[in-house]
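Undergrad: The primary structure of each chain is shown beneath.
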Amino acid sequence: MAERRAEPSAELSARRVVALGVGVLTLLLAILTPGIVGRDGDRALPPWYFCIVVGAVAILVGTGLLAPWLGPRGLRIGSALGVAGYVAFIGAFLPAALPAAAAVGRVPWMLSVIGVVVGAALLADGLRLAVAVIVLGACASLLYRVVIGGLDLDGIVNDTQSVLSAVIICAIGAHLLAVSRRLDAARADASAASVLASAERGRLAARTRAAALVHDEVLATLTLAGSGLPVPRDALARQAAHASRMVTDVAREPATPASPLRVALARAARDAGASFRADAAGDAEPPPAVEEAIVAAARQALDNSVRHAGEGARREVVLTARDDRVAVDVRDDGHGFDLAAVPPDRLGIATSIVRRMRDVPGGEADVRSSPGGGARVSLRWTPPAAPSAPAGRDSLRGAIAAIVVVFVVGQGVAAVGAALEGPAPWVPPLLLAGLLLVGEVLRRSTPRPTTPRGVVVVALTVAVVAAGTAVVPFTFGTLWFVPTAAFVLVALALAGRPFLAGCGQVVLVGVVIAIAATRATPLDTIAHVVTRPLVMAAMSTLLVLAVDRMRHRILALHRRTVDETSRRAWDAAARAELAVRGAALGALVVPLLDRIADARPLTDDDRRACLTVEGQLRDEYRAGVLVREPLTGAVRAARERGVDVVLLDDGDGTAPDDLVDEIARWMAPLVEGARARVVGRMLPPGRQAVATVVADEETTLFRGRGAGVSASPSP
Amino acid sequence: MGMPGLVRIALVDDHELVALAVRGIVAGEPGLVFARYEPTVAALVARPPDADVVVLDLNLRDGTTPEQNVAAVSEWGAHVLVLTSAEDPYLVRAASRTAARGIVRKSAPPEALREALLAVARGDLALSTEWASALDADPLLAAAPLTDREREVLSLYASGMGVKQVAAALFVSENTIDDHLRRIRHIYQQIGRPAATKIDLYRRGVEDGYLPGPGRG
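One line per chain: the protein sequences are F and A, in this order.
Using this note's numbering, read the first sequence as starting at 1 and increasing by one per residue.
Using this note's numbering, read the second sequence as starting at 1001 and increasing by one per residue.
Be careful, since some hints might not be right.
Said to hold, decoys possible - Now the stretches of chain A that chain F is said to cover, found in silico as 3 or more residues with beta-carbon under 8 Å:
hint, region
1, 1011-1025
2, 1028-1036
3, 1150-1159
What the hints assert, rightly or not - Each pair of labels, with its calculated beta carbon distance range:
hint, chain 1, residue 1, chain 2, residue 2, range
4, F, Pro68, A, Ala1142, 52 to 60 Å
5, F, Arg270, A, Gly1028, 55 to 63 Å
6, A, His1186, F, Asp279, 55 to 63 Å
Simulated from the structure, these hints should not be mistaken for laboratory data.
Quick reminder that beta carbons are idealized off the backbone N, C-alpha and C, glycines included.
Go ahead and model the full structure; you've got the sequences and the hints to work with.
TA: So this is what it looks like as structure tokens:
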């Protein structure tokens, strides 16, 4: 069932990348280490054990190579089988090796490779299984070394570093998967927001346009009626009637325009012969996907009711929208049924209704019914909490703490082991102290080391390794600090400098090989020493880069969501204002339009009333903060005397209220004194004057509180 | 020109009543003759040019924009005098960016419309207080290459003064003021207009008086 819904692609891609990495690494290890570890002792192991090993390797490699074509379930199954193979590989070793313990000699190296399987465990079941695999691998390895042999410096160094590698892979892998899930969530949010925004914009634009035409109609009618121009009376009456109808229609529209949800539910109810009631106090408009789910679920519920409620049952659909929540109830008073008695495989309700609602984020549904008591299906939707801001590297902090603990304890043990081995017991603790010091430098440069600081970290690390390599004997165990130093550089990559860290790893390995070459070290020892640093470096760099890329995309998507959400808020505010003004407009102009429409000759009083109301509407557009007493009274009086009054507010709305009051008091008598034309204007900010009045030929400036008034403009 | 000395006036408006009103005004002017009324610009330009000045409603309901309409009429070969019913600065600014020779509000007294018609018929500009005020308060103009004197002229004109009063206040000739206004209009036409859908929509909202625009508290 889960497969039918396509899993979000970023997470699927991340899972495929992890599976591929696991497969390729397993293949490399299998090729590089023939048999199990290519030593004579391994031949003492029974053939059936080799079958287990080959099987486990084949599963991990196969899953990895097929990953690009596998779905989420295929990846999970393949990885789970791989983990099972690993557990069998670990668990069967004791029975396989015990009969020939002496011949086996020591625990094969490959037995301690945990890191690879950790990736598979993450894919199979997540972090918990991965941690369990690490614990199992570490414990089994220690146990076998005690029982079979190999509890020496090489063994201890190898195991502690193997555990450390596994912990690091586990942390980065889990982080990668978490980030990919966030990317998918952000992507879904962004696309839902954009669909919603464009739908709303379309609706609003259409409505706003309609309202603009109404205004146009009203203003044109009032102007003509008031102007006294020779216009045929009957034509004017027709136009007034038309304008009045348009205003009434706009004012009658509900405050919230019919949402697609409401329309679709009403239609579904009608189709099923049910009554429909909407109680929408809020402005809830769920995203289209949710709308679709609600309508489909409601249709299914109605369908059920029609089929099972019996003859004559009454059906009702009730939509309730409050704040942002939406609830839809589909009820009938029919036969009802016993929910417990419906066989699970025939639960059309449960699969179609409940499942459908639960599949959308924030959706919920339940079905209630009893024999004889009717049936009631409740669908609810609450907007899911806003997506949290991407947590960045913060979510890595816990993982880094775990890595630090495993590092200090594990490498401490390795250093002690190396010190006991000799020949110079003071060298290993010194080397560890040096590397811990580098780690401290790194820790102090959070959140992201600067380039100079990163270079210092690389240089110090290489210096410690060079110094150590120059003085200790050249064996896998005594060179424990080379992989340890590589881990420090992995930390540098995790801290946000993957390129610098990668370059550092190359230099580190180069230095080790150069020094080894001068001391005629066997090639296989060199290979053993440098393999882990190289693998860890490549993997951590790639994973960190992948995570970084995803985080950037998440940020971009979040920005888009915020943008769309703010547009939506703007649209909603516009719509609310539209509704309120529609009603106010109706109250103001409809009586006057009806008077013009009744075809009786217009009196001078009617004409003046038209001009006054037309001016009032005009002021609502243009006079802004100036619309206040006593100015409005003076303006009305002047218009009734036939004066052409123009009020302009070109301020930016920041003028304090008491200042505007003062301006209105100052402007009122000037308007009262005008004979034919007067223009009152609030000036844009930053001008010499705050307001001006030009009455007939006379210009007066208002320069500000207490600054007085001057009767002529001075340049 | 058609008959010598006569300027032919056509009207494009949604309301036939406005045509009757304009016809009345034109009839009272000896130099003017009414040519034609059409509800859309498309209908007007479908026929060969038969008008010298076209009075154009800025807000036609056939879905056309002021920019398209002014451009079509200009190409057809006539000067445009724009009529606006709302005094919305956004609409006035949109019209000011076109080649229209003048902008008059429908609610202005009939004499104002008559004077504007005569000015455009003469080949002059018919600029108004509303035009100046919309430009003067436009943030876009703040960055435009206007001289201090031009800004001053615009500001005074926007306060409601006529050309004569502005000239008197600045101690210069009326011709000088006319030159300033012409240059201001030209520069404003050059300013690139933002045409994103969002801005258009916003303009629409403000035009309607339903959204706070500049000048509304």
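Undergrad: Compare the structure with each hint and give your call.
TA: How the hints compare with the structure:
1. Against chain F, the region 1011-1025 of chain A contributes 9 residues with a C-beta closer than 8 Å to a partner C-beta. That satisfies the three-residue criterion, and the hint holds.
2. Figure legend: the region 1028-1036 of chain A, annotated as covered by chain F; annotation inconsistent (0 residues with Cβ-Cβ distances under 8 Å, at least 3 required).
3. Remark: the region 1150-1159 of chain A is confirmed as covered by chain F, as 5 of its residues place a Cβ nearer than 8 Å to a Cβ of that chain, reaching the required three.
4. Taken as a hint, the range 52 to 60 Å holds for the pair Pro68(F) and Ala1142(A), whose Cβ atoms sit roughly 57 Å apart.
5. The hint said 55 to 63 Å for the Cβ distance between Arg270(F) and Gly1028(A), and at roughly 60 Å that hint holds.
6. The hinted range of 55 to 63 Å is satisfied by His1186(A) and Asp279(F), whose Cβ atoms lie roughly 59 Å apart.
Against the hints set out earlier in the document, a violation occurs for number 2 only.
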